[in-house]
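Student: Take the sequence shown: its letters are residues 2 to 295, numbered as in my numbering.
Where hints are given, some of them may not hold.
Stated by the list, open to error - Restricting the straight-line Cα-Cα distance to at most 20 Å, the calculated cross-link-like pairs of lysine to any residue (SDA-like) are:
{"#": "1", "residue 1": "K190", "residue 2": "A80"}
{"#": "2", "residue 1": "K190", "residue 2": "R266"}
{"#": "3", "residue 1": "K190", "residue 2": "K86"}
{"#": "4", "residue 1": "K86", "residue 2": "K119"}
{"#": "5", "residue 1": "K190", "residue 2": "I176"}
{"#": "6", "residue 1": "K119", "residue 2": "I187"}
{"#": "7", "residue 1": "K201", "residue 2": "P158"}
{"#": "8", "residue 1": "K201", "residue 2": "A253"}
{"#": "9", "residue 1": "K127", "residue 2": "A113"}
{"#": "10", "residue 1": "K131", "residue 2": "K201"}
{"#": "11", "residue 1": "K110", "residue 2": "Q122"}
Hint data in this document are derived by calculation from the structure and do not stem from the laboratory. Just so we're clear, the structure is a prediction, and the values are computed from it rather than from any experiment.
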Amino acid sequence: MITHICRGYESTAPIAEACFHKGLPQRHNLATNQHFIFLKPQYGVEMSRNKSIINLFVAASFIISPYLSHAASFDCKKAKTSNEKLICMTPELSKLDEELAKTYLLSLKNSADNDIIKKSQRAWLKQIKKECSSADCLIKNYRIRLETLENWEKSIPADTTMIGTHYLSHSVPIISNSTKEGYYLIDAKNCISIEEKDNKTISFSILTFNTNGHICDINGIAKLVGNEYQYIPSSDTDELDKACSLRIVNRAGSILILDPEMKCREYSCGVRAGLDGTVFPKNLSMTTGCDRGY
Numbered sequence: 002m003i004t005h006i007c008r009g010y011e012s013t014a015p016i017a018e019a020c021f022h023k024g025l026p027q028r029h030n031l032a033t034n035q036h037f038i039f040l041k042p043q044y045g046v047e048m049s050r051n052k053s054i055i056n057l058f059v060a061a062s063f064i065i066s067p068y069l070s071h072a073a074s075f076d077c078k079k080a081k082t083s084n085e086k087l088i089c090m091t092p093e094l095s096k097l098d099e100e101l102a103k104t105y106l107l108s109l110k111n112s113a114d115n116d117i118i119k120k121s122q123r124a125w126l127k128q129i130k131k132e133c134s135s136a137d138c139l140i141k142n143y144r145i146r147l148e149t150l151e152n153w154e155k156s157i158p159a160d161t162t163m164i165g166t167h168y169l170s171h172s173v174p175i176i177s178n179s180t181k182e183g184y185y186l187i188d189a190k191n192c193i194s195i196e197e198k199d200n201k202t203i204s205f206s207i208l209t210f211n212t213n214g215h216i217c218d219i220n221g222i223a224k225l226v227g228n229e230y231q232y233i234p235s236s237d238t239d240e241l242d243k244a245c246s247l248r249i250v251n252r253a254g255s256i257l258i259l260d261p262e263m264k265c266r267e268y269s270c271g272v273r274a275g276l277d278g279t280v281f282p283k284n285l286s287m288t289t290g291c292d293r294g295y
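Construct the entire structure; sequences and hints are all you get.
Tutor: Here you go:
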């Protein structure tokens, strides 16, 4: 990984040339041996032949491999994908990548949703790999992801950011005596779809997959009570459903589902499934509704 202490140069200028012309030293951290070589100013400084050769070699390495000249959260010398190379080549993206890595680790440490955050991060990485092929696209999505993680648990009043279809990809264990581990994993996608009816009413649909393939499947109407939506069971529904007090809570970075009395799961979920504490990241969305192809 390459880090530097020379700042203020234009992004299009070779980093070594810019540092020389500004008369500033540059620190080059070689991941393989951790040596630090300080490039000295061209003007007014007597440099030995050996130091000149070393400095020219390092400067040439920057010019030949420009995408190695900006810091990122990973070793740019090992960049393989087009997006990784874009991150290393673009100063703003490199900075965002480092910020996101720090914010992500901090979120894992401080949030009760750390498992959900891990899953959503993997899903987000897959999403940008599929959707982004330019620096502008990556910058936009990195900023959204940063804001999502920084405000993950911050409760806010219900707003239009809840509207749409949000999902979380994850692996579901299926119990099996035919495997050494006693189970195998299948890919699944939890989903919530919300549609605004008026400024105080939404229709919603929730589908989640849990251990051994047990699901929760609930849909209906919810009314705004304070800063959150509360499920209103229809008058002609089952008595078990009428006992459901599902709440849909808006947070800056996610949507939280609460079933504090566990009544909703009795009617809408399988034996090993539940809804209380289910979280849907806001920055992961689909254009279609929840897939019920089971």
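Student: Tell me, which hint numbers fail for this structure?
Tutor: As far as the earlier hints go, 1, 3, 4, 9, 10 are violated by this structure, in ascending order.
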